[in-house]
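Colleague: Going down the list, the protein sequences come from chains A and B. When you line the first sequence up against the numbering used here, it's residues 1 to 104, in that order. When you line the second sequence up against the numbering used here, it's residues 1 to 104, in that order.
Treat each hint with caution, since some may be false.
Below are the DSSO-like pairs computed for lysine-lysine, each with C-alpha atoms no more than 27 Å apart in a straight line [said to hold, decoys possible]:
1. B/Lys24 x A/Lys67
2. A/Lys24 x A/Lys67
3. B/Lys24 x A/Lys24
4. B/Lys67 x A/Lys67
No lab work stands behind these hints: they were computed from the structure.
2 protein chains.
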Amino acid sequence: MCCAPLVRDPLSAEQSVDLARVFKAMGDPVRLRLLSLIASHAGGEACVCDLTDVFDLSGPTISHHLKVLREAGLITGERRGTWIYYRVCPDLLARASAVLVPDR
Amino acid sequence: MCCAPLVRDPLSAEQSVDLARVFKAMGDPVRLRLLSLIASHAGGEACVCDLTDVFDLSGPTISHHLKVLREAGLITGERRGTWIYYRVCPDLLARASAVLVPDR
DNA sequence: CTCCTGATTCGATGACTGTCGAAGCAGAGG
DNA sequence: CCTCTGCTTCGACAGTCATCGAATCAGGAG
């Protein structure tokens, strides 16, 4: 990644593969909501235990979604003592956002 | 749709379902590239025949991806005579983009 | 060391998705 | 009417994915 706005120049095959990976990670309601919960949480980070309670889903499932977000580069996790804290990577979000709209 | 930026307030369950539908549609390299080809094409619209040649994919497959984009509300198709022309819906793209970054 | 708790990994399973060829549909032109 | 061409729909199949319970790992506390 990346790249001129989508509406200006056609994406190359490689660019579209990279970009699609990010959008695909965001293409699940649970993951989008996780992303939002982490991003909007006080201090810019959230512990997994804060996230699990919000959903009617098992721990392993939440963990799986966090892994997908992590592998897409959208979040990072850091262990501090007993708990693991996640925070978002704002620049990847910003880049993904920028591709969707024309230059100003 | 929608909605305060992702990083300001946590998405509701309903919002995340709606939004995820859009990102999911963009979560495939072929579809992202189709979107880009249509958006960046002269006149803001492209005929299916313009699109098919770019990929090593069968007609039905391209048609399938266009349908997914159409059902996500990202593009609209209009038949004029023999050919069908697609164009993007810029406001949905803009809204999806806006959710990803904080207010200015 | 042993137990407890928070979180991830593993393995299985049912559902969904990308792809194709074949068939169908819609206009244009004989 | 028939035929040709552009595009979509249908049916099938292989691959991927979301989900769970069970097992595992990593620290903290006794």
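Colleague: Each of the hints needs a verdict: does it hold here or not?
Modeller: Cross-check of the supplied hints:
Between B/Lys24 and A/Lys67 the CA atoms are separated by roughly 17 Å; this keeps the pair inside 27 Å, and the hint holds. For the proposed pair A/Lys24 and A/Lys67, the alpha carbon gap of about 13 Å is at most 27 Å, so the pair holds. Taking the CA atoms of B/Lys24 and A/Lys24, the gap is near 5 Å; set against the 27 Å cutoff, the hint holds. For a cut-off of 27 Å, the pair hint linking B/Lys67 to A/Lys67 is broken: about 30 Å separates their Cα positions.
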